[in-house]
Amino acid sequence: MSTRDLILIGYALSLIGIFLAWLAGRRMPHRLASAGNLLAHMMQTRSTRFGLLVVWWWLGWHYLASD
Amino acid sequence: MSGIPIRRRVSPWVVLFGVIATWHVWRGAGVDSVIFAVATVLLAVESIRPDWLGTRHRVRVNGRVGLVVCLLAAAVFVLTPRYSPPTIAVLVVLGVGAFFMAWYHMHQRYRPQLTRLQRNAIHVWLIVVTFLLLVEFAAYMGATASGSDERFPTITVLLDPSFDHPWGRALFAAGWLLGGWALVTVSPRVDAP
Chain S
170 MSTRDLILIG
180 YALSLIGIFL
190 AWLAGRRMPH
200 RLASAGNLLA
210 HMMQTRSTRF
220 GLLVVWWWLG
230 WHYLASD
Chain A
22 MSGIPIRRRV
32 SPWVVLFGVI
42 ATWHVWRGAG
52 VDSVIFAVAT
62 VLLAVESIRP
72 DWLGTRHRVR
82 VNGRVGLVVC
92 LLAAAVFVLT
102 PRYSPPTIAV
112 LVVLGVGAFF
122 MAWYHMHQRY
132 RPQLTRLQRN
142 AIHVWLIVVT
152 FLLLVEFAAY
162 MGATASGSDE
172 RFPTITVLLD
182 PSFDHPWGRA
192 LFAAGWLLGG
202 WALVTVSPRV
212 DAP
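From first to last, the protein sequence lines are chains S and A.
Those letters in the first sequence? Residues 170 to 236, per our numbering, in order.
Those letters in the second sequence? Residues 22 to 214, per our numbering, in order.
Be a bit skeptical, because a hint or two may be false.
[To be verified] Across the chosen pairs, the derived CB separations fall in these ranges: (1) 118(A) <-> 187(S): 25 to 31 Å; (2) 195(A) <-> 195(S): 21 to 27 Å; (3) 88(A) <-> 182(S): 33 to 39 Å; (4) 198(S) <-> 191(A): 32 to 38 Å; (5) 168(A) <-> 177(S): 48 to 54 Å.
Hints were generated in silico from the structure; no laboratory data involved.
Bear in mind that the values here come from a model prediction, so they are computed numbers and not experimental data.
Glycine residues also receive a C-beta, built at the ideal position from the N, C-alpha and C atoms.
Go ahead and model the full structure; you've got the sequences and the hints to work with.
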């Protein structure tokens, strides 16, 4: 198994983990807050709102405008 | 309603963005380092003296207006080449607009404590995101050390070919614009769930 394969498996596991975390928040409300609920709580503070928006905006910049 | 007094303290985002800005300097990515350095300074000022940059008023955008803006932005992203002046201009405009929509200050004295469910969720998401970042970091360091993107592909290397195609850009634009709209329109939850 090459290093490329290992890295691709790592990315795939990450995607699966993201999906499972989102699903767990919806299917197990007695164990985990949903992603939406968590986001709404976090967005109370301006620093978190701004921080998340900077990350969001930078992703757009990085993939569309930054050579 | 129980809560914890909001005390003035340096936000963890200041540290995080400071580290990221330094990382981009090391990488030689000048523009990226400036973006995160400016964000670091803004957040530091916000932590120490929030009233200096505060506004009580929340800027809201009508849903139809938002839809038109997003469609126009998507058209520019899809129909113009990557790195083109129109793409850059639209990104800057969207960034400024999002900034003004998010920079309101709720002037709360108390912030509800995290519930057990929210703490559990944070732990789960931290594990997932940290794992992804570790994989990306390993790929980047491997590519830098070996000089081979093929053996150590980062996310950017894997996705880059699709962004050169209009359909790839369309898919990304749709997800990115939707995510941005969700971030600027989500209503902060003040009461505990």
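Structure-based check of all given hints:
no.: 1; hint: 118(A) <-> 187(S): 25 to 31 Å; in the structure: 27 Å, holds
no.: 2; hint: 195(A) <-> 195(S): 21 to 27 Å; in the structure: 22 Å, holds
no.: 3; hint: 88(A) <-> 182(S): 33 to 39 Å; in the structure: 36 Å, holds
no.: 4; hint: 198(S) <-> 191(A): 32 to 38 Å; in the structure: 35 Å, holds
no.: 5; hint: 168(A) <-> 177(S): 48 to 54 Å; in the structure: 19 Å, violated
In this structure, only the earlier hint numbered 5 is contradicted, and the remaining ones agree with it.
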